[in-house]
Amino acid sequence: MLKATQITLNTVQVQDTALVIEATHYLDDNIAPKANLIYLHGGGLLYGTKEDLPQRHLETFTQAGLQIFAINYPLAPQAQIEEIISSIQQSIKHLQNQLHLELPYFLFGRSAGAYLALLTAVRLSQQIEIEKPQGVISYYGYGFLKDGWFDSPSPHYLKLPLVIENTVQSLIATPSQEADLNTHFSCYVHARQTGKWKSLIYQGRDKFFYLDYSLRLAELNLPIFAAHATNDPDVPFAEFQALCEKFNPTKFVIAAELHDFDRDEQSKDTEELIQATIKFIQST
0 MLKATQITLN
10 TVQVQDTALV
20 IEATHYLDDN
30 IAPKANLIYL
40 HGGGLLYGTK
50 EDLPQRHLET
60 FTQAGLQIFA
70 INYPLAPQAQ
80 IEEIISSIQQ
90 SIKHLQNQLH
100 LELPYFLFGR
110 SAGAYLALLT
120 AVRLSQQIEI
130 EKPQGVISYY
140 GYGFLKDGWF
150 DSPSPHYLKL
160 PLVIENTVQS
170 LIATPSQEAD
180 LNTHFSCYVH
190 ARQTGKWKSL
200 IYQGRDKFFY
210 LDYSLRLAEL
220 NLPIFAAHAT
230 NDPDVPFAEF
240 QALCEKFNPT
250 KFVIAAELHD
260 FDRDEQSKDT
270 EELIQATIKF
280 IQST
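If you're matching positions, the sequence shown starts at 0 in numbering that gives the first Met the number 0 and goes up one per residue.
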């Protein structure tokens, strides 16, 4: 039976606010765990919550003997990418030290969470203090590998009603570790409509963004599972292709004009994706 437990991981300082970072631990208490998934939610780094993994995923993964630790992280623009990555690394260290996780773990993310999972894996490969993941699972993720799509107005989001700057500023006034889709999705829409997304998550020189926060020069000698839809309106398929060319992951591709295609829990594609993910984990 699926069991969920809330965990407090650590505290991070964002501007003048001390944010308590939390996680939800999911497991099937009738099944001995075989591996751990550390899950990072999506939301363009601007919104989202650790609770966004669909019930279908939670039940199927835990029934396959996978424990899931869904963790929050500080959100942009109050926290920039370096602070977000640092918080995730601290959370992983806490899980390993305090819960004595002896089973191998995989970093798992959807959309922006997949980007963070990949970048965190790169950072962990460069140190020896924190145990490295067994692999990375990317659902419709990215690495800022292709030019243009993330720092210019998005044709897809320009089809939506325009979100004005004042609306966004009222929503992002306070540092936070989670923000609801229903209230804060407009922040991401505005960022993509204006082409200002990068400036909300990173405020340094372009040179160092591409060096340190894209995956263009990254080295990652880990098994990777990557899923994408061919006509993704949010993260272009060309970005997925560039990711595949660089890291040679195990691929799962569907022909659809969808981004987070697995949100449809009754879809055949969702079931096949979950089963392919489990197969990847079991064979790694």
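I should point out that these hints are in silico values taken from the structure, not numbers from a laboratory.
Nothing here was measured: the structure is a model prediction, and the numbers come from that model.
One thing to keep in mind: the hints can contain errors.
Calculated lysine-lysine pairs in the DSBU-like style (CA-CA distance at most 30 Å, straight line) [as the list claims (entries may be wrong)]:
1. K33 - K195
2. K206 - K131
3. K158 - K278
4. K33 - K206
5. K158 - K195
6. K206 - K267
7. K197 - K278
8. K145 - K131
9. K145 - K33
10. K206 - K195
11. K131 - K278
12. K92 - K278
13. K158 - K145
14. K2 - K131
15. K158 - K131
16. K250 - K33
17. K245 - K195
18. K2 - K33
19. K2 - K267
20. K278 - K267
21. K197 - K245
22. K2 - K158
23. K145 - K2
24. K267 - K92
25. K197 - K267
26. K197 - K131
27. K195 - K267
28. K278 - K195
Tested hints:
A distance of roughly 42 Å separates the Cα atoms of K33 and K195; the hinted pair therefore is violated under the 30 Å criterion. For the given pair, K206 sits about 27 Å from K131 by alpha-carbon distance, which is consistent with the 30 Å threshold. Under the criterion of a C-alpha separation no larger than 30 Å, the hint pairing K158 with K278 is inconsistent with the structure, at around 38 Å. As the CA atoms of K33 and K206 are separated by approximately 42 Å, the hinted pair breaks the 30 Å bound.
Restraint check for K158 and K195: satisfied, since their Cα atoms lie roughly 17 Å apart, inside the 30 Å limit. About 43 Å separates the Cα atoms of K206 and K267, which puts this hinted pair outside 30 Å; it is violated. Restraint check for K197 and K278: not satisfied, since their Cα atoms lie roughly 35 Å apart, outside the 30 Å limit. Our distance criterion of 30 Å between C-alpha atoms is met by K145 and K131, whose separation comes to about 27 Å.
Restraint check for K145 and K33: not satisfied, since their Cα atoms lie roughly 37 Å apart, outside the 30 Å limit. Proposed proximity of K206 and K195 is supported: the alpha carbons are some 17 Å apart, at most 30 Å. Taking the CA atoms of K131 and K278, the gap is near 21 Å; set against the 30 Å cutoff, the hint holds. At most 30 Å may separate the alpha-carbon atoms for a hinted pair to count; K92 and K278 meet this at roughly 27 Å.
Proposed proximity of K158 and K145 is supported: the alpha carbons are some 22 Å apart, at most 30 Å. The straight-line distance between the Cα atoms of K2 and K131 is roughly 26 Å, inside the 30 Å bound, and the hint therefore holds. Using a Cα cut-off of 30 Å, the hinted pair K158 and K131 is violated, with the two alpha carbons roughly 42 Å apart. Restraint check for K250 and K33: satisfied, since their Cα atoms lie roughly 23 Å apart, inside the 30 Å limit.
The suggested pairing of K245 with K195 holds, with an alpha-carbon distance near 26 Å, which does not exceed 30 Å. Our distance criterion of 30 Å between C-alpha atoms is met by K2 and K33, whose separation comes to about 16 Å. Between the alpha carbons of K2 and K267 the distance comes to roughly 26 Å, so the proposed pair stays at or under 30 Å and holds. Of the pairs offered as hints, the one joining K278 and K267 holds, with about 16 Å between alpha carbons and a cut-off of 30 Å not exceeded.
Proximity of K197 to K245 is assessed by CA-CA distance (about 22 Å); at most 30 Å being required, the pair is judged to hold. Restraint check: the Cα-Cα separation between K2 and K158 comes to about 41 Å, which exceeds 30 Å; the hinted pair is violated. Note on K145 and K2: the hinted pairing is violated, with a Cα-Cα distance of about 41 Å set against a maximum of 30 Å. The straight-line distance between the Cα atoms of K267 and K92 is roughly 36 Å, outside the 30 Å bound, and the hint therefore fails.
Simply put, K197 and K267 have alpha-carbon atoms about 35 Å apart, too far for the 30 Å limit, and the pair is violated. Of the supplied pair hints, the one linking K197 and K131 holds, its CA atoms being roughly 28 Å apart against a limit of 30 Å. At roughly 36 Å between alpha-carbon atoms, K195 and K267 are farther apart than 30 Å, so this suggested pair is violated. Of the pairs offered as hints, the one joining K278 and K195 is violated, with about 39 Å between alpha carbons and a cut-off of 30 Å exceeded.
In summary, the structure is inconsistent with hints 1, 3, 4, 6, 7, 9, 15, 22, 23, 24, 25, 27, 28 from the numbered list given earlier, while agreeing with the others.
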